[in-house]
Every structure is written in structure tokens, then in C-alpha cells.
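Chains V and L are the protein sequences, given in the same order. Numbering (the numbering used here) for the first sequence: 30 to 98. Numbering (the numbering used here) for the second sequence: 42 to 321.
Calculated directly from the structure, the hints in this document are not laboratory data. Here a beta-carbon is modelled for each residue, glycine too, at the ideal position from N, C-alpha and C. You may find that some hints are simply not true.
Said to hold, decoys possible - Examples of chain V residues toward chain L, derived with CB under 10 Å:
hint	residue
1	35
2	36
3	69
4	90
What the hints assert, rightly or not - Simulated restraints on C-beta separations:
hint	chain 1	residue 1	chain 2	residue 2	range
5	V	33	L	148	24 to 32 Å
6	L	109	V	36	28 to 36 Å
7	L	107	V	33	40 to 48 Å
8	V	55	L	294	30 to 38 Å
9	V	69	L	54	54 to 62 Å
10	V	72	L	60	35 to 43 Å
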Amino acid sequence: MNITVGGEKKDVKDGITVSELIAQEKVETPEYVTVSVNEEFIKREDFDARKLKESDNVEFLYFMGGGAR
Amino acid sequence: MPFTNEQLERYSRHIILKEIGVKGQKKLLAGKVLIVGAGGLGAPAAMYLAAAGVGTIGIIDADEVDLSNLQRQVIHTTNDLGKPKVESAKETMLAINPDITVNTYHEFLDSTNVLDIFRDYDFILDGTDNFPAKFLINDACVLLKKPFCHAGIIRFKGQLMTYVPGEGPCYRCVFKNPPPKDAVPTCKQAGVIGAMAGIIGCMQALEAVKYLTGAGELLTGYLQTFDGLKGEWHKIKLPPADPDCAVCGTHPTILKPVDYEQAACDWHASRDEGVAEDNS
Ligand SMILES: [Zn+2]
Numbered sequence: 030m031n032i033t034v035g036g037e038k039k040d041v042k043d044g045i046t047v048s049e050l051i052a053q054e055k056v057e058t059p060e061y062v063t064v065s066v067n068e069e070f071i072k073r074e075d076f077d078a079r080k081l082k083e084s085d086n087v088e089f090l091y092f093m094g095g096g097a098r
Numbered sequence: 042m043p044f045t046n047e048q049l050e051r052y053s054r055h056i057i058l059k060e061i062g063v064k065g066q067k068k069l070l071a072g073k074v075l076i077v078g079a080g081g082l083g084a085p086a087a088m089y090l091a092a093a094g095v096g097t098i099g100i101i102d103a104d105e106v107d108l109s110n111l112q113r114q115v116i117h118t119t120n121d122l123g124k125p126k127v128e129s130a131k132e133t134m135l136a137i138n139p140d141i142t143v144n145t146y147h148e149f150l151d152s153t154n155v156l157d158i159f160r161d162y163d164f165i166l167d168g169t170d171n172f173p174a175k176f177l178i179n180d181a182c183v184l185l186k187k188p189f190c191h192a193g194i195i196r197f198k199g200q201l202m203t204y205v206p207g208e209g210p211c212y213r214c215v216f217k218n219p220p221p222k223d224a225v226p227t228c229k230q231a232g233v234i235g236a237m238a239g240i241i242g243c244m245q246a247l248e249a250v251k252y253l254t255g256a257g258e259l260l261t262g263y264l265q266t267f268d269g270l271k272g273e274w275h276k277i278k279l280p281p282a283d284p285d286c287a288v289c290g291t292h293p294t295i296l297k298p299v300d301y302e303q304a305a306c307d308w309h310a311s312r313d314e315g316v317a318e319d320n321s
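With the hints as constraints, model all of the structure from the sequences given.
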């Protein structure tokens with residue numbers, strides 16, 4: 030099925046979970062990533078259970094420090 | 042007060058813009074912006090806001106200029122090594138534009154001074170390099186109902202979002218709590234391309250100018266990201282403000298600014314055991 034990840038179209042297996050997508054996309058520091066699906070935040074405890082659907086729009090939001098020193 | 046001839050000439054490229062004009066330039070001159078951190082992000086932001094004629098600019102930073110800063114902190118020069126960053130920044134800003142007032146705060150921002158320092162400003166820029174400071178700035182701005190622009194940079198990437206009270210999510214709605222110390226790499230550990238500070242710091246300056254003049258649309262309710270290796274911008278639409286947010290929600294549990302470094306123990310041990318893990 031087709032979903033959008035970070036603005037890019039991706040072909041992924043049917044019913045892929047958020048956790049599986051995090052692994053597949055090699056998300057950096059997965060313990061601290063924030064995930065939204067269709068502009069709604071997914072709770073961390075739901076990552077394993079939440080299955081994605083055709084044309085879902087997934088975003089990974091990262092902590093980004095840096096700036097001063 | 043009418044513009045002097047010198048002001049008309051200095052700001053002529055602004056005044057000619059239909060989104061700014063004489064009216065907008067007057068708003069900039071009456072505007073007060075505080076920049077937290079005179080480093081990578083704060084440097085370009087401070088220079089462009091000074092050049093733009095933002096009438097009062099505050100800058101807070103406890104550090105001195107170090108040789109490793111000069112790769113990206115373009116407001117400081119080799120001659121400034123060892124000088125307080127706020128002094129070096131002020132000299133550059135006033136050299137660009139003597140028409141403005143620069144307030145310097147040569148100190149660390151913490152829970153004891155944040156509200157007093159922020160109170161006098163219209164818009165805050167977060168140019169800090171650490172998460173305790175980023176959360177402190179967010180919470181203080183929510184508590185004081187001040188708009189601010191968050192930004193972060195690392196390696197070849199950068200991001201920013203703007204909070205305006207009542208108009209969208211705050212930083213904590215999105216990121217909940219600071220990650221444990223050293224869990225997420227910093228620029229010092231991971232490196233950062235100098236130009237990224239310029240790109241994202243200038244975006245923050247643009248947000249401040251847009252807020253003060255009312256031009257265009259702010260990055261409220263969006264996280265804007267930039268991938269410098271790919272040359273790609275991406276604007277992530279954020280969910281609305283979280284009613285359960287600990288600071289901006291309907292039943293806030295954070296009622297005053299918190300120092301994470303110092304309060305880290307009781308913070309994690311007492312009330313946030315589950316939440317520290319839950320970064321959703
Ligand atoms: Zn919030």
C-alpha cells in the first residue's frame with residue numbers, strides 16, 4: 030500500500046505498524062521520536078499496535094538542540 | 042514621530058515593500074525582541090533584526106567567544122575571542138545600525154530570572170543549544186502569554202516553529218519533556234554545518250519581523266524542517282494545541298518555570314515517571 034512519510038510517497042507492506050515503520054525507516058533515536066499520523070500525535074505506547082492504512086500521512090518529529098554553543 | 046531622512050534611506054527597501062511600508066517600519070522601530078543565545082542561531086538573527094531596525098533588541102548569553110564558535114557565529118570575529126558574547130554581539134549590532142537599542146544580559150537564563158527578563162519583550166527567539174533551556178523558554182512564554190520562535194540545528198538539518206498564545210500548539214505539546222541528558226546528540230557531539238545556523242537563524246528573524254509587522258503568515262501550528270544535504274524544505278502541519286499539555290493545556294501542572302538540570306531528580310522521580318518515557 031502507499032503512504033506518505035515525511036512528505037515522500039512510500040510503498041510499504043499492508044497493515045505496517047508505526048513501530049515497524051520506525052525500524053524500516055531507520056529513524057534516529059527512535060526512543061525519543063514524536064510521530065504524527067494524519068496530523069494527530071500517536072502515543073508511544075500505541076506504536077506497536079497502531080496499524081497504518083492506505084494513504085496515511087506519517088511524520089517523524091525530532092528533538093533538535095543546537096544553536097548557541 | 043516622522044522618519045528622519047537617514048531612516049528613510051536606511052529602511053527604503055523595507056518601506057517599498059507593500060507588506061511592510063512606512064507603517065510596518067514604524068512597528069519594527071517600536072518593536073522589542075529578545076534573543077536567547079548569542080551563538081549560531083542568535084548571531085544571524087541579531088544581525089538581521091538590528092539591520093531591520095527593530096528598535097529594542099535584548100540578547101542573553103553567559104558565554105565568552107571561543108575559537109570553535111567562529112565557524113558559524115558570524116556576529117563575532119577573531120578579535121572578539123575571550124569577550125562576553127553579548128558584548129561582542131552588541132558591538133556588531135550597533136556598528137550595523139546605531140539607530141537601535143541593544144540590551145545585554147551576561148548571565149544564564151534560569152527559572153529565577155526568565156519571567157523578569159521576558160516580560161518587557163514582544164517576541165522571543167530561542168537560539169539555545171540545550172533542551173532544559175528550550176523547555177524553560179517555552180514554559181515562560183506560555184505563562185507570560187508571549188509569542189516565540191523555537192529553532193534547532195544539527196549536522197545538515199534544521200527546524201523551527203512559532204508559538205503564538207491561543208493560536209496553536211506550544212513546544213511542549215509536541216515534545217512533552219526534555220530527553221535525558223546526552224540521549225539526543227548535540228552540535229558539539231555531532232557537528233553542524235555553519236551555513237545551517239545562518240539559514241535557520243534568518244528564518245527566526247523573519248518570523249520576528251512578520252510578527253511585529255503582521256506581514257504574511259507565521260509558522261504557528263507548523264514545524265518547518267530543512268535538510269541541507271537534499272536542499273529540501275518540509276512544512277509539517279501540527280495537531281492543534283493539546284488540551285492535556287502540562288503547561289498550555291486546560292489543567293496545567295506547570296505553573297511556574299522549572300530548571301531541568303537542577304530539578305531533574307524530583308522531576309523524573311515524582312510526577313513524571315510515565316511521561317518521561319512517553320514522548321508521543
Ligand atoms: Zn502546550
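Numbers of the earlier hints that this structure fails to satisfy, in rising order: 5, 9
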